[in-house]
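Participant: For the sequence shown, position 192 matches number 194 in the working numbering, and the numbering has no gaps at all.
Treat the hints as calculated values from the structure; they're not laboratory data. Some hints here could point you the wrong way.
Under the rule of at most 25 Å between Cα atoms (straight-line distance), these lysine-lysine pairs were calculated in the BS3-like manner [what the hints assert, rightly or not]:
no., residue 1, residue 2
1, Lys201, Lys83
2, Lys201, Lys135
3, Lys201, Lys88
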Amino acid sequence: MSIILKYASLLFIVVQTTTMVLVLRFSRTQTVEGPRYLSSSAVVTAEFFKILVCVAVLFWENGFSASQVAKQLYCNVWAQKRETFKMLVPAGLYTLQNNLLFFALSLLDAATYQVTYQLKILTTAMFSILILKRRISKQQWLGLVVLVVGVILVQTPSKPGAQKAMDVATVSQFLGLLAVLTSCLSSGFSGIYLEKLLKETTWSLWIRNVQLAIFGFLLGILAMLLADWNALLAEGFFQGYNSVTWTVIFLQTFGGLIVSLAVRYADSILKGFATSVSIVLSTFCSYFLLGDLLPTGRFFMGAGTVIFVLLLNSYGYFPLYFGNSRTFVRKWPSTTAGVGSTHRAAGSSRKTSSSASLVLSFVKLVVGSPLASNNSTVLMPELNQKVVTLVLCLGCIQSILSDTTVALQFGA
């Protein structure tokens, strides 16, 4: 049953992460009759549904007693105003971040967005040093440098003179990149801020989510009125809404919660592996379905570098975990060790959970590596063997994508 849950968790994380960016990208680029929906109104609607979901969970936790829920909300939200207002800062940052998400995916393809957004690891590291006074090891700095190099490769134009030709596409990519970088800064600071806040209090995590959603809802309304007042007067709040728009709102509302619940049955190895698979799937879908991405050699090199760092991070070689995420369902450990894994002193053997066997089985399937076993616990090989295996795996993926792109170009 455990391995089934791990497979299911991997599937949930990959599907949600990939679907969210692809559907949102499609919703902002599809041809529509009449006005397109306002991204600011979608953010407000999603925050409203988050309040309903959090309150529903509180009802479930309190045996569906309305009086108990009302008492809990009054005592922890209204009566404790000072504690409640501490959530104003992260709520404001998340509101900004959600609006920037819509803006960035209006300008960038899903694959480029996903790769670039991994810079949130770097910003989280920076704020963990400044706020939590953490020290970054040489391994972590090396991982961060490689990560930045990968993102730079993805964002660097490969056509001659492309850097000088400030056409519409170039300006759009620059604005999209700026939006993603701002979102990464927001994500890094808010994650560390929330981690510090959670360590100082023992409040219910769902109460904190209610506080976040309430402030997010109110600040979202304010941002919507400031940015889209004329459009609201002309066409109304729900202008341009269709089935795709509601799907985006649904994914915004439940996506983070679903992933957080799924991670309970997975570990850091599966999480990093799922993110890597999601980037590959986004590349395929952006090219074959949306038609808004023409992968280049630099893109594959950069994306492969980022995936490489994520996979090594999953196994603890580049431990890049520095803070919490927004949805407080499971509190991540301070190290990147997976659930059930054992880390000994340097130079000793390293054991991982059965999810490591799952990942290594995938590598074995692709490159014929004899590294994996059928046991629930496997003895990890030396770092250089694993690096070679992962490089070969990424090389196979890059080769397949490159050959497919060339074949389709000549076929056209």
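Participant: Determine for every hint whether it applies to the structure shown.
Facilitator: Results for each hint:
1. Simply put, Lys201 and Lys83 have alpha-carbon atoms about 19 Å apart, close enough for the 25 Å limit, and the pair holds.
2. This hinted pair checks out: Lys201 and Lys135 have alpha carbons roughly 14 Å apart, not beyond 25 Å.
3. Of the supplied pair hints, the one linking Lys201 and Lys88 holds, its CA atoms being roughly 13 Å apart against a limit of 25 Å.
Checked against the numbered hints given earlier, the structure satisfies every one of them.
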